[in-house]
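J.: Same order as they appear, the protein sequences are chains A and B. Residue numbering for the first sequence follows this note's numbering, starting at 55 and increasing by one per position. Residue numbering for the second sequence follows this note's numbering, starting at 82 and increasing by one per position.
Calculated from the structure, these hints are not laboratory results. A couple of the hints might just be wrong.
To be verified - Selected chain A positions facing chain B (Cβ under 8 Å, derived; list incomplete):
| hint | residue |
| --- | --- |
| 1 | Gly-91 |
| 2 | Cys-148 |
| 3 | Lys-151 |
| 4 | Ser-176 |
| 5 | Met-214 |
| 6 | Ala-334 |
| 7 | Ala-374 |
Predicted model only: the values in this text are computed from it and were never measured. The C-beta atom is built at its ideal place from N, Cα and C for all residues, glycine as well.
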Amino acid sequence: MKMKDKDLSLKFYEEMQRLRLFELKASELFTQAMLSGNIHTYTGQEAVAVGACNAIKESDFIVSTHRGHGHCLAKGCKSDRMMAELFGKATGYCKGKGGSMHIADLELGILGANGIVGAGISIGTGSALASKIQNKAEVTLAFFGDGASNEGSFHESINMASAWNLPIVYLCENNKYGVSVCIDRICNVTDIAERAKAYDIPGVVVDGNDVYAVYKAVLEAAKHAREGNGPTLIEAKTYRYHGHYEGDPQMYKPKEEMEKWLNLDAIKKLKKDILDNNLASEKELDSIDQQVKDEIESAVEFAKESPYPDVDSVTDDVYAMDNERGVVR
Amino acid sequence: MRKITYGQAIKEAMHEEMIRDSSVFVLGEDMGIMGSVFGLTKGFLEEFGPLRVLDTPISENGFMGMSVGAAMRGLRPIVELMYVDFAPICLDPIVNQAAKMRYMTGGQISIPMVIRAPGGSGRRNAGQHSQSLEALFTHFPGLKVVAPGTPYDAKGLLKSAIRDDDPVVFIEHKILYASKGEVPEEEYLIPLGKADIKRSGSDVTIIAYSRQTLFAMQAAEELEKQGISAEVLDLRSLVPLDWETIEKSIKKTHRVVLVQEGVQRGGYTGEIASQITDELFDYLDAPIKRVAGLNVVPPFSPALEDHTYPNPQDIIAKVKEIVSK
Numbered sequence: 055m056k057m058k059d060k061d062l063s064l065k066f067y068e069e070m071q072r073l074r075l076f077e078l079k080a081s082e083l084f085t086q087a088m089l090s091g092n093i094h095t096y097t098g099q100e101a102v103a104v105g106a107c108n109a110i111k112e113s114d115f116i117v118s119t120h121r122g123h124g125h126c127l128a129k130g131c132k133s134d135r136m137m138a139e140l141f142g143k144a145t146g147y148c149k150g151k152g153g154s155m156h157i158a159d160l161e162l163g164i165l166g167a168n169g170i171v172g173a174g175i176s177i178g179t180g181s182a183l184a185s186k187i188q189n190k191a192e193v194t195l196a197f198f199g200d201g202a203s204n205e206g207s208f209h210e211s212i213n214m215a216s217a218w219n220l221p222i223v224y225l226c227e228n229n230k231y232g233v234s235v236c237i238d239r240i241c242n243v244t245d246i247a248e249r250a251k252a253y254d255i256p257g258v259v260v261d262g263n264d265v266y267a268v269y270k271a272v273l274e275a276a277k278h279a280r281e282g283n284g285p286t287l288i289e290a291k292t293y294r295y296h297g298h299y300e301g302d303p304q305m306y307k308p309k310e311e312m313e314k315w316l317n318l319d320a321i322k323k324l325k326k327d328i329l330d331n332n333l334a335s336e337k338e339l340d341s342i343d344q345q346v347k348d349e350i351e352s353a354v355e356f357a358k359e360s361p362y363p364d365v366d367s368v369t370d371d372v373y374a375m376d377n378e379r380g381v382v383r
Numbered sequence: 082m083r084k085i086t087y088g089q090a091i092k093e094a095m096h097e098e099m100i101r102d103s104s105v106f107v108l109g110e111d112m113g114i115m116g117s118v119f120g121l122t123k124g125f126l127e128e129f130g131p132l133r134v135l136d137t138p139i140s141e142n143g144f145m146g147m148s149v150g151a152a153m154r155g156l157r158p159i160v161e162l163m164y165v166d167f168a169p170i171c172l173d174p175i176v177n178q179a180a181k182m183r184y185m186t187g188g189q190i191s192i193p194m195v196i197r198a199p200g201g202s203g204r205r206n207a208g209q210h211s212q213s214l215e216a217l218f219t220h221f222p223g224l225k226v227v228a229p230g231t232p233y234d235a236k237g238l239l240k241s242a243i244r245d246d247d248p249v250v251f252i253e254h255k256i257l258y259a260s261k262g263e264v265p266e267e268e269y270l271i272p273l274g275k276a277d278i279k280r281s282g283s284d285v286t287i288i289a290y291s292r293q294t295l296f297a298m299q300a301a302e303e304l305e306k307q308g309i310s311a312e313v314l315d316l317r318s319l320v321p322l323d324w325e326t327i328e329k330s331i332k333k334t335h336r337v338v339l340v341q342e343g344v345q346r347g348g349y350t351g352e353i354a355s356q357i358t359d360e361l362f363d364y365l366d367a368p369i370k371r372v373a374g375l376n377v378v379p380p381f382s383p384a385l386e387d388h389t390y391p392n393p394q395d396i397i398a399k400v401k402e403i404v405s406k
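Kindly generate the complete structure, drawing on both the sequences and the hints.
T.: Have a look at this one:
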């Protein structure tokens, strides 16, 4: 398989820049008090979402996490409607009712980001069960963090998916920290992928800052799942640049550790790879940067200009049927 | 008309809906080979196969979350919790996921699932297998809550719950599984959110649901002998609440006694009492009264358990506090 071809590499590059610049902009807007609530940025982890989502089909499904902007953008969400949701505007993916942690789009196969750590794992497993019951070929890709791998939902879901050969890929993004707690302090295995052994499924460790490596691993795992061989647990080792939420000064992280990971930056690595292999010129990459920057600026403009949801909509969509009575009493 | 048990009525409802709609499937502990601990899915595995009748591991949080995911994909899971007391093990998928998904995604995602859960005291199952937890679920916008007391209601309501596009918590009273009642052979549905006047009366309205509806009926019969005409209003659904029927009945009788089996503190009848005070105070000729379980843990000993939840005599006594004839 020739992966480092021009088209795919530039696609990776553009998407990773989109994820990075979207988050840097969100962070900036939060600092300016333009955004409220909780913003969990994905900066540093771009290679995971982009590599993984490119390895599955449009018709496949993902479940995401509280740190989900990257996953949603990589699965096809538009930056303008994403930004509008962060602003709480009516034009956002969830009409302003979900916000940063709850972006979903059924048509894109995004079964939702999720504010509860580990919840998406069992929802994703249920989606895989649905594929199996309906005899459909779609695979579900479940994103979650190192922290979620200590939740019961992780173990219960993987146990059932392995017992029943469900078409799912479990992708653990190990960014080392659950809010402030380093995974080394609370977990007795060095590699979370080791836990695959407990369920007799393949466990794979990849460099989460190498988009090609993530792409390749998910491609194989998705094929494995689609052919009826059941789940794979992939652990992508990566690093979270920002605090758990915007405004978290992350005093708990050693300075040297941060410096080490900044040197391993996924976008820098990909850029060097593209240039070293003469897949594109610096100028071409600069032009992609500019194009993505412009897109994010327009997304912010779109979000700012969009209307807030009508106050009357506050009681809409609690129920699909008999909503009014369900809300009144 | 033929008479069948409450358990048989529930089984028939699931069976008919599984035949009618291939997206309906059942899952939970011991649902397959054993046919569920209360025998409600006996024969289903042979008839519908292992992909529509799933014997899950003892992983309530996992399989409840999976039901939410399968519902998002358009299936209609009927998930059984062996006892409603196990709901606290898997509250997140019920109250943070199923209940909220539609609203939080701006109306994009429906969760058409039914959570069937036996509740209630009287079987000497002690503190962790005897509770009535319906009030807990009524607290979460996005959930519908149903608690039938008769075979007829159980069947018609469960069929509607399965066809409903919202998550429905369907509370069955385990003491009632063997109780019999008239259920027609032909198909029928009972809409969610519709109460039923089980007995017409003029002196007082007794509002109840689930097993307490039967106790209210017994109480009403005894009261009749004593010259008191009690109307028995069976809520059947707690959410949505059939306010129109409540309002109409109270405007007729001017007195109300609310009955629930579960512990009094935080009970759903307290919520209804509050709404009656707010909106129907001028129609009341007496204070609103409640009959409810003691604020204790369900005890094991038969000598104790029967004193923790209301019986017909308790209802009669409470009625007599506000009706004198």
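J.: Taking the closest Cβ pair, is Met-214/A under 8 Å from chain B?
T.: 6 Å, holds
J.: Are Ala-374/A and chain B close enough, Cβ to Cβ, to be under 8 Å, as the hint says?
T.: Cβ of Ala-374/A sits 4 Å from chain B, so the hint holds.
J.: Quick check on Gly-91/A please, does its C-beta sit within 8 Å of some C-beta on chain B?
T.: 13 Å, violated
J.: Under 8 Å, Cβ to Cβ, is where Ala-334/A needs to be relative to chain B, so tell me if that hint holds or is violated.
T.: Because about 38 Å separates Ala-334/A from the closest Cβ in chain B, which is outside the 8 Å limit, the hint is violated.
J.: Does Ser-176/A pass the interface check with chain B, least Cβ-Cβ distance below 8 Å?
T.: 3 Å, holds
J.: Verify the interface restraint on Cys-148/A: the C-beta must sit less than 8 Å from at least one C-beta of chain B.
T.: Status holds, d = 4 Å.
J.: Quick check on the hint: Lys-151/A CB to chain B CB, less than 8 Å?
T.: This interface hint holds because 5 Å falls under the 8 Å limit.
The structure shown violates the earlier hints numbered 1 and 6.
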